[in-house]
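> Below, each chain spelled out in residue letters.
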Amino acid sequence: MYEKILVATMGEYMDEIIEHTLNILTDKPVEIIGVYVVETSVPFLTPKKVKEMMGTELRSKGEEILDSLAQEFQSPSHYMVNFRRVLLEGNPADEIVNLAEKEEVDLIILGTGKNIVDKKLLGSVSEKVVHSAPCTILLVRTS
Amino acid sequence: MKYLLEIVIYIIALVISLIIVVKSADVFVDNLVDIGSALGISQIILGVTASAIGTSLPEFGSALIATLSGSVDIGVGTVIGSNIWNIAGILGISATVAGVIRTNKQGLTRDWMMTLITGLILLFFMFFGDINWIASIVMITVYCFYLWLLIKAERKNKQETVVDEKDRDFRSMDQISPEKKSINKKTIGFTILGLLGLIVGCRILVFSAVELASIAGIPEMIMGLFTLAIGTSIPELVVTLSSAMKGLHDLSIGTVLGSNTFNILIGIGIPALVMSVPVEPLSLSFDAPVMIFVTILLMVLIRTGKMKLNRIGGIILIATYISYAILRIFIFS
Numbered sequence: 001m002y003e004k005i006l007v008a009t010m011g012e013y014m015d016e017i018i019e020h021t022l023n024i025l026t027d028k029p030v031e032i033i034g035v036y037v038v039e040t041s042v043p044f045l046t047p048k049k050v051k052e053m054m055g056t057e058l059r060s061k062g063e064e065i066l067d068s069l070a071q072e073f074q075s076p077s078h079y080m081v082n083f084r085r086v087l088l089e090g091n092p093a094d095e096i097v098n099l100a101e102k103e104e105v106d107l108i109i110l111g112t113g114k115n116i117v118d119k120k121l122l123g124s125v126s127e128k129v130v131h132s133a134p135c136t137i138l139l140v141r142t143s
Numbered sequence: 001m002k003y004l005l006e007i008v009i010y011i012i013a014l015v016i017s018l019i020i021v022v023k024s025a026d027v028f029v030d031n032l033v034d035i036g037s038a039l040g041i042s043q044i045i046l047g048v049t050a051s052a053i054g055t056s057l058p059e060f061g062s063a064l065i066a067t068l069s070g071s072v073d074i075g076v077g078t079v080i081g082s083n084i085w086n087i088a089g090i091l092g093i094s095a096t097v098a099g100v101i102r103t104n105k106q107g108l109t110r111d112w113m114m115t116l117i118t119g120l121i122l123l124f125f126m127f128f129g130d131i132n133w134i135a136s137i138v139m140i141t142v143y144c145f146y147l148w149l150l151i152k153a154e155r156k157n158k159q160e161t162v163v164d165e166k167d168r169d170f171r172s173m174d175q176i177s178p179e180k181k182s183i184n185k186k187t188i189g190f191t192i193l194g195l196l197g198l199i200v201g202c203r204i205l206v207f208s209a210v211e212l213a214s215i216a217g218i219p220e221m222i223m224g225l226f227t228l229a230i231g232t233s234i235p236e237l238v239v240t241l242s243s244a245m246k247g248l249h250d251l252s253i254g255t256v257l258g259s260n261t262f263n264i265l266i267g268i269g270i271p272a273l274v275m276s277v278p279v280e281p282l283s284l285s286f287d288a289p290v291m292i293f294v295t296i297l298l299m300v301l302i303r304t305g306k307m308k309l310n311r312i313g314g315i316i317l318i319a320t321y322i323s324y325a326i327l328r329i330f331i332f333s
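Here the protein sequences come in this chain order: Y and V.
Just so you know, we're using our numbering here: the first sequence kicks off at 1 and counts up by one.
Just so you know, we're using our numbering here: the second sequence kicks off at 1 and counts up by one.
Please keep in mind that the hints were generated in silico from the structure rather than gathered at the bench.
Be careful, since some hints might not be right.
To be verified - Covered, in the sense of this in silico footprint (three residues per stretch, anywhere, with C-beta under 8 Å from a C-beta of chain Y), are these stretches of chain V:
1. 12 to 26
2. 42 to 56
3. 216 to 225
4. 229 to 240
To be verified - So, partial list: chain V residues that the calculated Cβ filter (under 8 Å) puts toward chain Y:
5. V29
6. D30
7. V33
8. K246
9. L248
10. L251
Note that CB positions come from ideal geometry on N, CA and C, so glycine has one too.
Model the full assembly from the supplied sequences, consistent with the hints where possible.
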């Protein structure tokens, strides 16, 4: 049914996201784009060297997460999957929506599981994506 | 009316000088690292030193300038107050907002032990009255030892990363090799500008704090313990909070513990090299013990949270800070 799927993760809920993605696959060829967004914004007065260090750490974390996705989706048992990895920098919700528009994907898969306190204090990427996504979204509910 | 106007002017001067101090410290460290890099100093040594002192320069500058200009209470107050605020205030807020701060057992044990030992060293020398040059030499030596430990740990970490990257055939060695740049006039100019900004900013900051204390009838120690301590810890707050929110837990907790070690060993150690730093009795009997108490409380909360500082732990830390502030300002002062 879906020919091009965008799987977005910030490193949380990885197992659940992978499981739900695999569950909707059929024998038909499908392109899966794994995306991790390095959130580069820092508060005013953050030392420049620390900002650089944060960027390096987050890029390295992102590469590890994309490695895990690649390992799962490129395994021989998932022969129908053509997996691509994308590492972006910026606002996670904006970048996910922009990439979905640019790649003309059919489906975005992301996780959601924050409680109301976390949502108030930290914000929610999935909620922002839901409001401006150009396609269908599968929100994986996690504990 | 005249007093009110003066208070407003000094508060504005305090805020502006704080921004100047924090930005100048950043420019100074940033360009100093470039110069160090051009001189061929190892990236590991530069990186560790820059991150260790980068966020703590405002406290150090304020403590040094305050002590040298005769406002010793503000100097000592800024250092001890910063250390209490860093753990109880900043880590408390960060854990409450981020929900959880995870810890790396090895790094946490090293940095926490060093913070505790540092607090005990300060308390030990405070028992003998003024902190003199002997204490200063011990403190600076201990800090050099801590830096050596950090550099050793970072070197080991980098070596392991190279092995991992080679296995994955993913990145090349040049990403961790020293990157040698040439020293240009702009870099030297910005280093001097950063240093000047730091000195001038700290001078205005201390002056505004002393004048505000005098007009409002607040003891200088209280100004140091709270106003300057919280103000000069802005870099620690933004780094700890944003890294906790981004899931960079090691950076989050490491910034606070590294800063606390630096604040005492260098923030009091260097001024004590130049002149004897007098100790207020209440600092010995209350402030320094509270500083050690919150350091121990932090570890207890992390241990009970299975090596994580969770939201409840964060709220307990904030409540501890508020209790300390109320007791110190309204009861003991």
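> Determine for every hint whether it applies to the structure shown.
Verification of the supplied hints:
1. Counting residues of the stretch 12 to 26 of chain V whose beta carbon lies closer than 8 Å to any beta carbon of chain Y gives 5, which meets the minimum of three for the stated coverage.
2. With 5 residues bearing a CB less than 8 Å from a CB of chain Y, the stretch 42 to 56 of chain V meets the requirement of three and the coverage assertion stands.
3. Given as covered by chain Y, the stretch 216 to 225 of chain V fails the check, having 0 residues with a CB less than 8 Å from a CB of that chain where 3 are the minimum.
4. Here the stretch 229 to 240 of chain V counts 4 residues with a CB under 8 Å from a CB of chain Y, which clears the bar of 3, and the coverage holds.
5. Evaluation of the V:V29 hint against chain Y yields a held restraint, the C-beta minimum of about 6 Å falling below 8 Å.
6. Interface restraint check for V:D30: the shortest CB-CB distance to chain Y comes to about 5 Å, inside 8 Å, so the restraint holds.
7. With its C-beta approaching chain Y no nearer than about 6 Å, V:V33 sits inside the 8 Å limit, and its interface hint holds.
8. Taken as an interface hint, V:K246 checks out: its beta carbon lies about 6 Å from the nearest beta carbon of chain Y, inside 8 Å.
9. For the restraint placing V:L248 at the interface with chain Y, the shortest Cβ-Cβ distance is roughly 5 Å, inside the 8 Å limit, so the hint holds.
10. Interface restraint check for V:L251: the shortest CB-CB distance to chain Y comes to about 7 Å, inside 8 Å, so the restraint holds.
This entry does not satisfy hint 3, going by the numbered hints stated previously; all others are met.
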